[in-house]
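Q: Taken in sequence, the protein lines are chains V and H.
All the letters of the first sequence, read from the start, carry residue numbers 1 to 112 under our numbering.
All the letters of the second sequence, read from the start, carry residue numbers 113 to 227 under our numbering.
Derived from the structure by calculation, the hints contain no laboratory data.
Since the structure is predicted, the reported quantities are computational estimates derived from the model, not experimental observations.
Take these hints with a grain of salt, some might be off.
According to the in silico footprint, chain V covers these stretches of chain H (three or more CB under 8 angstroms from chain V) [unchecked claim]:
#1 136-143
#2 163-174
#3 184-191
Here are the simulated distance ranges between beta carbons [as the list claims (entries may be wrong)]:
#4 H:Gly-168 to V:Gln-27: 28 to 34 angstroms
#5 H:Val-114 to V:Ser-32: 26 to 32 angstroms
#6 H:Gly-156 to V:Lys-55: 17 to 23 angstroms
#7 H:Ser-187 to V:Val-3: 35 to 41 angstroms
Glycine included, C-beta positions come from ideal geometry on N, C-alpha and C.
Read off the chains here:
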Amino acid sequence: DIVMTQTPLSSPVTLGQPASISCRSSQNLVHSDGNTYLSWLQQRPGQPPRLLIYKISNRFSGVPDRFSGSGAGTDFTLKISRVEAEDVGVYYCMQATQFPFTFGPGTKVDIK
Amino acid sequence: QVQLVQSGAEVKKPGASVKVSCKASGYTFTGYLIQWVRQAPGQGLQCMGWINPNSGGTNYAQQFQGRVTMTRDTSISTAYMELSGLRSDDTAVYYCAKGRGSDYWGQGTLVTVSS
Chain V
1 DIVMTQTPLS SPVTLGQPAS ISCRSSQNLV HSDGNTYLSW LQQRPGQPPR
51 LLIYKISNRF SGVPDRFSGS GAGTDFTLKI SRVEAEDVGV YYCMQATQFP
101 FTFGPGTKVD IK
Chain H
113 QVQLVQSGAE VKKPGASVKV SCKASGYTFT GYLIQWVRQA PGQGLQCMGW
163 INPNSGGTNY AQQFQGRVTM TRDTSISTAY MELSGLRSDD TAVYYCAKGR
213 GSDYWGQGTL VTVSS
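Based on the provided sequences and hints, a complete structural model is requested.
A: Following this line, the structure appears as structure tokens:
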């Protein structure tokens with residue numbers, strides 16, 4: 001199975017300041033079809049996960065443009081340009097290149 | 113609008129089985145995989161497997177093989193996940209999600225396994 005790791009696991013941030021989360025996979029995530037199935041999910045307290053970013057850098061419908069994704073191969077990053085109160089939650093990277101799909105351990109983002 | 117609506121919470125005894133449903137609407141049900149993911153209390157997300165609603169084909173994570181069965185009823189756009197031989201460590205919220213990209217998620221179904 002592909003192992004996904006994230007750093008940091010906890011990120012206290014000041015409102016209005018940027019935040020960044022790194023995700024690393026144990027194998028290259030480029031699929032044979034040429035796509036890289038790396039997504040970022042947000043889970044607010046008591047809610048199901050919500051898709052933010054798919055295929056590395058594509059913002060899903062309705063996701064604010066303060067969220068951005070980048071990376072390639074085995075190293076990926078989620079950035080929040082200016083953290084807002086509603087961004088509090090746990091963020092997961094997920095790979096869907098190889099079955100079983102696997103998730104990172106999650107990064108908890110909260111307000112200082 | 114796309115929606116995945118799951119069945120309600122369940123309480124089961126060890127050794128029993130549970131069947132969770134996921135009713136899809138707002139898109140072509142047979143056009144996208146349905147993935148099942150579980151989340152134990154205070155823990156992260158774990159893929160259980162997926163079903164192709166068009167063909168009925170399935171792919172189960174090794175950890176669940178022999179205990180999980182995923183089915184679908186295309187006439188009512190509903191996918192099902194049945195887990196047998198329940199143990200206390202199967203206590204979790206079970207989610208369905210649409211497609212390889214997991215772009216839409218159900219609200220989750222809490223399954224509690226307790227004697």
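Q: So, for every hint listed, does it hold in this structure?
A: Tested hints:
no. : hint                                      : in the structure
1   : 136-143                                   : violated (count 0)
2   : 163-174                                   : holds (count 3)
3   : 184-191                                   : violated (count 0)
4   : H:Gly-168 to V:Gln-27: 28 to 34 angstroms : 29 angstroms, holds
5   : H:Val-114 to V:Ser-32: 26 to 32 angstroms : 28 angstroms, holds
6   : H:Gly-156 to V:Lys-55: 17 to 23 angstroms : 22 angstroms, holds
7   : H:Ser-187 to V:Val-3: 35 to 41 angstroms  : 40 angstroms, holds
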